[in-house]
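Enquirer: Sequence:
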Amino acid sequence: MPEGLEAAIYASAAAELVEHQITSVEVDERCGDINSLTSLVGDHICGVKRHGKRVALVTECAEVELYFAMTGRLIVNGVAPIAALEYGPANERREWDRLVIETDRGSLRVNDPRRWARFTLDPDWSNLGIDFMSPAQALGGALQTQCHRRCSIKTLLLDQHVIAGLGNMLVDESLFHAGIDPRTSCDSLSSVDVDGLAEHISAVVTELESRGGSHTGTLNPDLRRALAGCPLDGAPLQRMNISGRTTIFCSHHQR
DNA sequence: CGGCATGTTTCGCC
DNA sequence: AGGCGAAACATGCC
Numbered sequence: 001m002p003e004g005l006e007a008a009i010y011a012s013a014a015a016e017l018v019e020h021q022i023t024s025v026e027v028d029e030r031c032g033d034i035n036s037l038t039s040l041v042g043d044h045i046c047g048v049k050r051h052g053k054r055v056a057l058v059t060e061c062a063e064v065e066l067y068f069a070m071t072g073r074l075i076v077n078g079v080a081p082i083a084a085l086e087y088g089p090a091n092e093r094r095e096w097d098r099l100v101i102e103t104d105r106g107s108l109r110v111n112d113p114r115r116w117a118r119f120t121l122d123p124d125w126s127n128l129g130i131d132f133m134s135p136a137q138a139l140g141g142a143l144q145t146q147c148h149r150r151c152s153i154k155t156l157l158l159d160q161h162v163i164a165g166l167g168n169m170l171v172d173e174s175l176f177h178a179g180i181d182p183r184t185s186c187d188s189l190s191s192v193d194v195d196g197l198a199e200h201i202s203a204v205v206t207e208l209e210s211r212g213g214s215h216t217g218t219l220n221p222d223l224r225r226a227l228a229g230c231p232l233d234g235a236p237l238q239r240m241n242i243s244g245r246t247t248i249f250c251s252h253h254q255r
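In my numbering, the protein residues as written are 1 to 255.
Honestly, I wouldn't trust all of these hints.
[To be verified] Lysine to any residue pairs mimicking SDA-like chemistry, simulated, CA-CA at most 25 Å apart: (1) 49 x 152; (2) 49 x 18; (3) 49 x 127; (4) 49 x 105; (5) 49 x 106; (6) 49 x 118; (7) 49 x 181; (8) 49 x 9; (9) 49 x 86; (10) 49 x 24; (11) 49 x 162; (12) 49 x 150; (13) 49 x 116; (14) 49 x 39; (15) 49 x 59; (16) 49 x 91; (17) 49 x 65; (18) 49 x 115; (19) 49 x 137; (20) 49 x 125; (21) 49 x 136; (22) 49 x 131; (23) 49 x 130; (24) 49 x 103; (25) 49 x 179; (26) 49 x 159; (27) 49 x 210; (28) 49 x 135; (29) 49 x 90; (30) 49 x 211.
[What the hints assert, rightly or not] Beta-carbon label-pair distances, calculated as ranges: (31) 87 x 187: 40 to 48 Å; (32) 60 x 240: 32 to 40 Å; (33) 225 x 151: 23 to 31 Å; (34) 47 x 229: 41 to 49 Å.
Quick caveat, the hints were computed from the structure, so don't treat them as lab data.
We treat Cβ as the ideally placed atom computed from N, Cα and C, and that holds for glycine.
Take the sequences, apply the hints, and build the full model.
Expert: See the structure below:
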């Protein structure tokens, strides 16, 4: 999905519909249960929630989770807050609309060519870790409790049960700034290392938020594709698969 | 044209 | 038991 930063952008766009009354719901049956979602008709949207990469519309009777997977785009009142999603389609086709909610004063659509989007009534978010925009101290605390694990630090950061909202780009960017090799086993990091990493995560999140999204980092998609030199000194970057995800890092500056 | 892509879940194998 | 890797999902883009 878009990562947590994009979910936050989507959530604030969806907030435009607060206090509107839902007049119709159309859903691709492969992306959500038609019966439960159409039960929302008549409800008023009274708020929008976000935790990590998950967004939910709150009505007086229920909550609907909007999960965007990799290529889901939100369109509110005909406007896409993120016009061109990285790794998403260049154009938009109405046939890719997987959810359309009409209200008395506007509309919301989720457009996803890849059809991985999911819409769930009254979702259970209790298994998610703390939100990635939490203070650095809280992020560090969450990581400390998991440092006994022997998985790589990258795997830990991608685990939504530990910190919710970090995705592949934010994780690579954070580890680059922290100077930590993504393959490092969690249990070999000191508590000082972990707290320092949490500070870097927090700084990266704040910085990329101000720049406009997860794709605006030093290790941006253009650099990732081209595998250009290390932004610090031009030395060759490494590309490898970790935890099933393409990982870019500098073996000289990340140890 | 082949391989890759901001993600999650499931399954089989240590 | 728990963790890891591969596969599955589905389709546009480089």
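Enquirer: Evaluate each hint against the coordinates.
Expert: For each hint, the structure was consulted:
Of the supplied pair hints, the one linking residue 49 and residue 152 is violated, its CA atoms being roughly 31 Å apart against a limit of 25 Å. Restraint check for residue 49 and residue 18: the C-alpha separation of about 11 Å stays at or below 25 Å, so the hint holds. Among the hinted pairs, residue 49 with residue 127 is consistent with the structure: their alpha-carbon atoms are about 16 Å apart, no more than 25 Å. For the proposed pair residue 49 and residue 105, the alpha carbon gap of about 20 Å is at most 25 Å, so the pair holds.
Note on residue 49 and residue 106: the hinted pairing holds, with a Cα-Cα distance of about 19 Å set against a maximum of 25 Å. Pair hint residue 49 plus residue 118 holds up; C-alpha atoms about 16 Å apart against a cutoff of 25 Å. Simply put, residue 49 and residue 181 have alpha-carbon atoms about 34 Å apart, too far for the 25 Å limit, and the pair is violated. Of the supplied pair hints, the one linking residue 49 and residue 9 holds, its CA atoms being roughly 12 Å apart against a limit of 25 Å.
As the CA atoms of residue 49 and residue 86 are separated by approximately 24 Å, the hinted pair is consistent with the 25 Å bound. A hinted pair counts as satisfied when its Cα atoms are at most 25 Å apart, and residue 49 with residue 24 qualifies at roughly 21 Å. The straight-line distance between the Cα atoms of residue 49 and residue 162 is roughly 19 Å, inside the 25 Å bound, and the hint therefore holds. The straight-line distance between the Cα atoms of residue 49 and residue 150 is roughly 33 Å, outside the 25 Å bound, and the hint therefore fails.
As the CA atoms of residue 49 and residue 116 are separated by approximately 21 Å, the hinted pair is consistent with the 25 Å bound. Under the criterion of a C-alpha separation no larger than 25 Å, the hint pairing residue 49 with residue 39 is consistent with the structure, at around 20 Å. Among the hinted pairs, residue 49 with residue 59 is consistent with the structure: their alpha-carbon atoms are about 11 Å apart, no more than 25 Å. Taken as a hint, the residue 49 and residue 91 pair is broken in the structure, with Cα atoms around 28 Å apart against an allowance of 25 Å.
Under the criterion of a C-alpha separation no larger than 25 Å, the hint pairing residue 49 with residue 65 is consistent with the structure, at around 9 Å. Note on residue 49 and residue 115: the hinted pairing holds, with a Cα-Cα distance of about 23 Å set against a maximum of 25 Å. A C-alpha spacing of about 23 Å is found between residue 49 and residue 137, which places the hinted pair at or below 25 Å, so the restraint holds. At most 25 Å may separate the alpha-carbon atoms for a hinted pair to count; residue 49 and residue 125 meet this at roughly 11 Å.
Of the pairs offered as hints, the one joining residue 49 and residue 136 holds, with about 21 Å between alpha carbons and a cut-off of 25 Å not exceeded. In summary, the hint linking residue 49 to residue 131 is supported, as the alpha carbons are separated by about 12 Å, within the 25 Å threshold. Among the hinted pairs, residue 49 with residue 130 is consistent with the structure: their alpha-carbon atoms are about 14 Å apart, no more than 25 Å. For the hint linking residue 49 to residue 103, the alpha-carbon distance of about 18 Å falls within 25 Å, and the restraint holds.
Only pairs whose Cα atoms come within 25 Å are accepted, and residue 49 paired with residue 179 is rejected, the gap being roughly 34 Å. A threshold of 25 Å between alpha carbons decides the hint, and for residue 49 with residue 159 the separation of about 21 Å falls inside it, so the pair holds. A C-alpha spacing of about 21 Å is found between residue 49 and residue 210, which places the hinted pair at or below 25 Å, so the restraint holds. Note on residue 49 and residue 135: the hinted pairing holds, with a Cα-Cα distance of about 19 Å set against a maximum of 25 Å.
With a C-alpha separation of about 28 Å, the suggested pairing of residue 49 with residue 90 is violated against the 25 Å cut-off. Between the alpha carbons of residue 49 and residue 211 the distance comes to roughly 23 Å, so the proposed pair stays at or under 25 Å and holds. About 33 Å separates the C-beta atoms of residue 87 and residue 187, a value inconsistent with the hinted range of 40 to 48 Å. At roughly 49 Å, the beta-carbon separation of residue 60 and residue 240 lies outside the given 32 to 40 Å, and the hint is violated.
The hinted range of 23 to 31 Å is satisfied by residue 225 and residue 151, whose Cβ atoms lie roughly 27 Å apart. Range check, residue 47 to residue 229: Cβ separation about 46 Å, and the 41 to 49 Å hint holds.
Violation of the numbered hints given earlier is confined to hints 1, 7, 12, 16, 25, 29, 31 and 32; the remaining hints are satisfied by the structure.
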